[in-house]
Each structure stands twice: as structure tokens, then as C-alpha cells.
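Peer 1: Each chain, letter by letter, is given below.
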Amino acid sequence: MSVDGHLEALRREGRIVIVGASLAGLRAAETLRAEGFTGTLTLVGDEPHEPYDRPPLSKQVLLGKVPADHTRLPRRRPIDAQWRLGSAATGLDLAARRVRLADGDTLDYDRLLIATGVRARPWPHELEAELDGVFVLRTQDDAARLHHRLAAGPRRVLVIGAGFTGSEIASACREREVPVTVAERAAAPLVGALGGVVGEVAAELQRAHGVDLRCGVLVTGLEGDSAGRVRKAHFSDGSAVEADIVVVALGATRNTEWLADSGLGAGPRGIACDAGCRAFDVRGIVTDDVFVAGDVARSPHPLFGYQFLSLEHWGNAVAQAEVAAHNMVSASAERRPHLWMPSFWSAQFGVNIKSVGVPPMADQILVSQGSLAEHRFTAAYGYQGRVIAAVTFDQAKWLDFYERQIEQAAPFPPEFTTVDRRPEGHQPVSAGFPDPSQPTHGPTVTLSGYSPTDRRVSFTPRRA
Amino acid sequence: MTSVALLGQILDYANRPDPYPLYAELRRTPVVRDESGPYLVSTYWEIKGLLHDPRVSSDARNLTPDAAAAVGHEQDPDLPPSFLLLDPPEHDRLRRLAMRPFGPPHTPRRVFEMHGELAGIVSGLIDGLRGRDTVDLVDDVSYPFPVTVICRILGVPREDESHFHEWADTIAAGLDPIGTAEERAAMAQAVRQARADLARYLAELIEERRRAPRDDMLSAMATEHGPDGQLSPVEMITTSVLLLIAGHETTVNLITNGMLTLLRNPDVLKRLRGEPGLVVPLVEELLRFEPPVQMLPQRTTLADIDIAGTVIPQGAPLFLMVASGNRDPQRFTDPDRFVPDRPDNEHLGFGHGLHSCFGAPLARLEAQLALTELVRRLDAPQLVEDPPPYRQNAVLRGPRHLPLTIGGVRD
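The listed protein sequences correspond, in order, to chains A and B. Anchor point for the first sequence: position 284 equals 284 in our numbering, and the numbering is continuous, going up by one each time. Just add 1000 to the spot in the second sequence (first one is 1) and you have our numbering.
Chain A extracted, bound-state conformation (with noise of 0.2 angstroms):
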């Protein structure tokens, strides 16, 4: 009865701070009051905007389509919210569970959501960085720039990194006829989400849209004139390209510093949760009342190994949060399990790629329907004799049957045949993803951690 009455207390007049005002932040704001949370309600946020959408910042804002200032997030309900923008969380204090803003202040909780997100990973080299004309690109005010800069019309963009970010700024370049070089430490673009095979078919894509595509190079570093504007990179091979723009596409970083000696489970690599959301502490005991959501958490999922997966999935920022909003506000018998199936599109040089599963665990590829030559093609990926995942260039609509393949643990090679199934799609090859332990900076998908004994999915795949 007392456990009952005190989350009853919780929902009706429970304080509720939650760290992070983007998609995950808000979409579980607004789950908090669609499950009946009465109680107060305060959203803290670096930056000094409404919650607003990433995904057109690399397309439809660089492209001029939509101003970067109209990427706002629709609004499912009134949140009834306490806001705290333009002051970032520096501090956390679980015992007293409280957490500290840039501006001194404090906010006393009961239940702490985390979703801080990721940010750009700047450009290493601090005074290269500085130079006029050096961008990166995760927010609205970097869209905004970057999108002022290439109306100008520059003489040539450089970009520096293959991943999706760089190559759909590369595209957005190229859309708008601007010169673009792309750098590209790995042997092709997509590499470390998609491998290799697939990241031939990026390449050949980029360089048929007249993309200056220079891949196995390194940047190895940023000449400005005696203006303090960049224009020139040099690169490891001992070329060099002259650029007015660049822009560093060297993935994320995770929001967690500020959660350094709180006693949290947090680190580079994001914050640990399990799959009720929930953060560990750096004891590997599981909190009760800090809970975490979106880029930033890393939680296991029985269908990948029970991996603890950490996922730059748009999608997966709003399905987390829903989670995390629920179990925050329910008794533990009630609480859901985190358990969504990873997948993320992009629009790139006029071609829809969509993945479901986690590509980058896939030893083994094989195209079952259309051909990587026509660049319109469905990937099946194999791990140790199952489906893990799939990758679609403009045949997005047959992803819900690879999606129930990954569930079903199928057997890798699929066993039958399909439509459109080519010559090429008769034997599977190596994926092509880099040695893990190299270092890598593009990847979606992280994949880390251990075996738990509570196990939700068993699989046993048709062949060992």
C-alpha cells in the first residue's frame, strides 16, 4: 500500500526534471502528461531554441527548401512545462538528487530523465578550427551558417568525412551545383554504417554527381589566408585542395562530461541503462530514479547479443523516450522493456537509403532483390548464420519483411528465393566493415557489453 501510495504521490505531485529539450526530451514530456503526470515538470536545454527536428539540417534547410529557424517539432499535447533553454546541466548530485545549471541555479527531482544528446565532433586541431569558414553541423544555429555561406556561392566545399551527415551535405552541394570535395579516411563513404560493399555503391554515387571524392586520405590540416578565413587543406597523400568552405563531418560526441564524478554509469560512450531505461551507477547497480533516452543512453537489446546499443536513431530517440516517460511514472510490474528494432533512413543524391537491424554486426552481405550496378537494391546482412539486418536503395517497401526476418532470427543465407533476385544475389560475400579496432569515426551503431541472465528472446538459429 505505501510503495502504491508513494507512486501515486510521484504522478500527483512529483517533481520531474528533464535534462535535454530536443526530440527525446520533449516527445517524453509529453508522454509524462499523456500518462496522467500531474506534478511539475521542467525541461533544461543547452540551447536557446524550442525543441526543433534535425533531420531536414543536412537536407531541406542546406538545400534553402525550409529556413533553419522552421524545423520546430510538432506538438502532440500541451506540456504544462517549466522551461530552462539556453542554460546547460553542469552538475549531478544523485544523493541529494539534484541537478546544477550553468547559471548557478539547482533543480530538486524525484525522477530525473536524461537525454542530452550528442554534439559535433569539432575539428581537432583548436586554431585550424577557429578559421572563418570551418563549420560543423548538428544544430539549427550551425545549419543557419552553413546555409547563409553556401547561398553565397562559394567556390568549392570541403568535407571532411564520409558518414551520412558528410555525404548528404556533399549532396545538398552538388544539388545546389557548389564544387565539393569529400574526404574520407576509410576506402569509400558509409563504411562504418553500411561496409564496404554498400559503401562502393556511395561512392560510385557521389562521384557520378560530380563529387571530388578523395577516399584513404586524411586531412591533415587547414591553411587560412592573413584574414583569418580558411582556404586551403592539406592532405595526407601530400595533395591539397583549395576550399572556402569546410565543413568537419567527424560524427558525435556524447553529452555526458557534466556527469563526470556524479557516480553515474556515464562516459564517452554514453550513459549504461537497462532495458526499463533506467541509468547504472558506476557500480553497475541499476538507479531507480535517473532515467536515460535518445542518443546519449546505451541500453541492451536481446535481439543483437544483448548488446548494449547505442543508436543515433531518430526513431529510436522518440520510441526510447515514450519508454523511459512510461516506466518513470510506473510501478515496476507495469514498466515496458526498451526493445526497438534500430532503423534510420537517408536522402543522398537522389537516392532513399533506408536500414532496419544493426548493419555494422553482419560479417557476411548479400543483394536478394535488384542489383548495387542500377544503385537500387535490397542488402540482406548476415551475422554467424541468421539475419541481423537489412540496407534499401530506393526499395524501401520490402524492409518490413527483412524487419520480421531479424526478429524471426531467420537463417542467413535466406534459404528461398525472392523476386527480382539477380545473379549477384546468389552467394553472400564479406560485408566489408572495417577491423573494429581501428579507429572510425562514422558509425550509427555501437556495439558493446555482455550477456544479462534475464533474457526475453531466445534464438536458435536453422544452422549453427
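Everything labelled a hint here was simulated from the structure, so no lab data went into it. These numbers come from a predicted model, not from an experiment. For every residue, glycine included, the Cβ atom is placed at its ideal position computed from N, Cα and C. Accuracy of the hints is not assured; some may be wrong.
As the list claims (entries may be wrong) - Beyond 12 angstroms from chain B on every Cβ pair, some chain A residues (computed):
no. : residue
1   : P74
2   : G91
3   : G210
Unchecked claim - SDA-like mimics (lysine to any residue), calculated; alpha carbons at most 20 angstroms apart, straight line:
no. : chain 1 : residue 1 : chain 2 : residue 2
4   : A       : K59       : A       : G153
5   : A       : K397      : B       : R1096
6   : A       : K59       : A       : G251
7   : A       : K65       : B       : P1104
8   : A       : K397      : A       : S343
9   : B       : K1270     : B       : R1096
10  : A       : K59       : B       : H1106
11  : A       : K232      : A       : E175
12  : A       : K65       : A       : H6
13  : A       : K397      : B       : E1090
14  : A       : K354      : A       : A319
15  : A       : K397      : B       : A1360
16  : A       : K65       : B       : H1106
17  : A       : K397      : B       : P1104
18  : A       : K59       : A       : E175
19  : A       : K397      : B       : K1270
20  : A       : K354      : B       : P1104
21  : A       : K397      : B       : M1099
22  : A       : K59       : A       : R76
23  : A       : K354      : A       : E415
24  : A       : K354      : A       : M341
25  : A       : K397      : B       : R1093
26  : A       : K232      : A       : C215
27  : A       : K65       : B       : P1108
28  : A       : K59       : B       : P1104
Given chain A, put chain B in place with the hints provided.
Peer 2: Okay, now just chain B, sitting in the frame of chain A:
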């Protein structure tokens, strides 16, 4: 192996007005072999799964010879199949080429920009009802409206309608998987003849448009070149036959079923009159509740498919009973009730996946405009008989006539 004998009853004309109790019985076994041969799939999730399953083919050449004979899918020796009955990659290429002059990404505003023109056609037809106290909704509005529209879009002269009306009806009737071997043979022969006649008619028209292009789809198909090249002359014919038939035989039922449903639910009709914006979700509910295409009888399997406790063997005929899936209580709460603003209404009325309805945006707009205007302008409409007389066709199901009495026509 368990089998049922329900398909015969569903196809029986006596059950045309209300096949839904038969579908309910069918759903007791989600995937089952009918004694007449085909595998019937009647539940929502199974149908949706198979519509997205790359092991399912729309190409009758993948049926086993026995199965092809049993369901009467014989190849037309004169004319190859349209993209409706093809698999990727041919299907994808043909559909992309057909979509170029019709919709996104190449012509994104085509349907949107027809709004005013379509509204004008509907009001003209309703104006024609002035001074009458009985009307046949089918002959007076729901048939002429979409036919006029598809003729304009394609560039087929409306005055030739009397020629191709009968061909179109015959070809549509050929979709029905009907009775005895003799009947099927006779039907196949009639369909082949109608297709040949319609093809000849369209071939001449396409040639005319190629020489003197206008602003219509036949001209675009005959003259434009895109990244996929161009349709071959035969592909132009099969594609335009498909679009003409589809534009002819389906939306008429959507509009007629809509008016029938509204007259059976006077409270909803009244609500729509005061709240025209309701028509958007209402048409979606109509597509769920009384879908113009009741089943998709032309699929087969490229491999054995293990689904819902049944293995559908490779090459078997597969009928996806979408009208039944739309009433599946596992998916829709209170499925036999017409709820005009039903939330979460992802119905199967336009199919799903690769072959999802090509003309859906146009059909939606036509039904929305027609129903809003009919409800706004017809005074005191009443059904003369319920149920009305139905067309023979069980796949493209709808009333042949919908006689109404009206008190007058408003401005």
C-alpha cells in the same frame, strides 16, 4: 490438409450485398486452402505480411501449370501483362515510367492541381439532376465522374466512351475467378477480344498523340524520355489499358458505396454536411469498410511460405482477401461499425507494398469531392431500395444502380 468451401459462396451473386459474414467465417482460419484450389488469406497481419513479402509474385507465369489451369490464369498470346501482373524489375521500371507524368517525384502537383477541374465536373453532373425527384447515383454521377476524369488525364476523347465502356467492363469481369472450366474458357476468350479491341483503339490514339502531343498522359508517355528511357509501343498500350480500366471500374464503386453507407448512417451524413473536413478520414474509413477492390486474386508464391500455421506451397494460387482483413477484429476495434473519424486507420483498401494503388491520390480526391458535394447539394436523399442491385463482379464489388429519391438540388 484442412480446406474450406467458402470461395464459391463469396463469389455467389446471392451474397454480393453482404459478403462480410462469410469473411468472418473465413478468418477463423487465417490462411486456408479453398477446395477450389487457391489459398485464401483473410486476416490483416497475414495479408499485410504477404503484401510485403518478396517471395510473393504477381506474375502468373510463376504458378504451377496445374494451378494456372485451375484458376484460369492463361497468358494472353497477343498482349503481354501490364505492370499490375509483373514483378520487379520490370514492374518497377514500367510503374516509374507511368508515374512520371502522373505523380511525384517528377510531377508532384498533377493531382493537386486538378482540384478545381474535378470540382467543376462534379458540380456539372449534380446540376444535371435539377428538376428530378429520382436519380440513379451510379449512372448520373459516380460512373460519369471518374470516367470523365480518367479520360481527361489520359487524353482519351470522352465521346468515345460508348466504345470502350463495354471493353472495360468485360476486362474487369475477367478478374472474377468464376465457376466451371467452360465458363472460364468463354470468359478468357471474351477478355482477350476486349483487350485486343481496346488495345487497337489506344494504339491509334497514342500514335495520334505522338504526332501532335497535348497536355495529357498518353502524349507524355509517347514523347518524353527520362532516365529509364521510354515505354515501348506495346508497353504504352498495356499501361494505358490498365490505367483506363483502373480509373473506370474502381472509383465508381468507392463513390457509390460511400453514398450508400452515408444513407445507411444518417447521423454521419448529417455530420458531414456541417463538417466538410470530416470527408478526409471518412473516405479512409470507407476504403476500410466497403473497399472497391475486395480481394487480390492474382498472386502466387516463389517458395514455400510458412505462415499462420499453414505452409503455402511454391507456385500455389494465393488470394489476399483485403476486404476481410479490413474487418479483422485483431487489428480494428469494433470493425463492423462505420466510424467516420476512426483513428489509426491503416486499411488495406489500396493494397500495400509494391503494388499499392497507383491512382490512390486521384481516387481519394474524387471520392472526397463527390461525397462532399452530393451531401451538400442533394436535398433529403433517400434510398429507394436497400440493398440496391449489385454488379456481378465480386472482386470489383459495388452496386450496379443506386436509385435515390431527392427533394431537390441546392446551389
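Peer 1: Looking back at the hints listed earlier, which ones does the structure fail to meet?
Peer 2: Hints 9, 11, 12, 19, 22 and 23 not satisfied by this model.
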